[in-house]
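Enquirer: Sequence:
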Amino acid sequence: MPFELICEIEPPTKPDLKHVRHQIGTMSKIAHSFLIPDNHIGRATVSSVAVAHEVEAMGGRGIACLNSRDRNLLGFRRDLLTAAAYGVDQFLFVYGDKPTSGNRTSDLTVRSMIEEAREFSPGMRLGAAASMRSLPKWKRAADFLFLQVGFSLEAQLRWRETHPVDVPVYAGVMVLASERHARMLAAGIPDIELPEDLIAKVAADRMAGVEAACEQVLALRDSGAFDGVHLIPVSRYRDVESRLATAL
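Anchor point for the sequence shown: position 209 equals 209 in this note's numbering, and the numbering is continuous, going up by one each time.
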């Protein structure tokens, strides 16, 4: 199977899909499919199902992320019905970051979402997120796994070697936009290995984060350990595309 590049789209916080369409149009030259976050970092955004439908309408493949934080069982069933009506059949189910407003619902878990979706439509392709820690047995029943963002190739390869699974696994790669961005990630993501020399390079050169992410994507491809990469270009998708277009 070919090494897949799954590009994460920055979803809109306003009812305007112009920026989304531009991201899709730019990254479709190198991306095999697109992941659309669901109210990422606790802010309200346009529905990931609706944006995944927009990806499909533009000729791409969309993966709608749905979190357990923001919905009860009835709301989740509504999302599945809406997705079926739109022809969206790929999902990544996650727990969800702490919301910036309102409360977290406790009606669903990622595990129960997978079980409910399987019952609703066995043909859907369902994924789960994996941390750099041990992999729960029930997550092995997912159709694919997204390994959390990491900045250490060695750590990602160690995890993959110690967690053999029979489903595709996509390693997380993120562009560091600034030193502040790097410090926030280091403080907010458990078990992340963020080298100080990389932070220093990003502080001195705004393109260093792009270069490091592109090099990591190519190293992961060449390792043969993963089926692909979940790439988060942040706001630097034009720069990422221009560097990977001739390398992939």
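Certain hints may be false.
[To be verified] DSBU-like cross-link-like pairs, simulated, lysine-lysine; straight-line CA separation at most 35 angstroms: (1) K18 / K201; (2) K137 / K14; (3) K14 / K29; (4) K29 / K18; (5) K14 / K139; (6) K29 / K139.
Hint data in this document are derived by calculation from the structure and do not stem from the laboratory.
Enquirer: Each hint should be assessed against the structure and marked as holding or not.
Expert: Hint-by-hint comparison with the structure:
1. K18 / K201: Within the cut-off at roughly 33 angstroms; holds.
2. K137 / K14: violated (39 angstroms)
3. K14 / K29: holds (26 angstroms)
4. K29 / K18: holds (18 angstroms)
5. K14 / K139: holds (34 angstroms)
6. K29 / K139: holds (31 angstroms)
Checked against the numbered hints given earlier, the structure breaks only hint 2 and satisfies all the rest.
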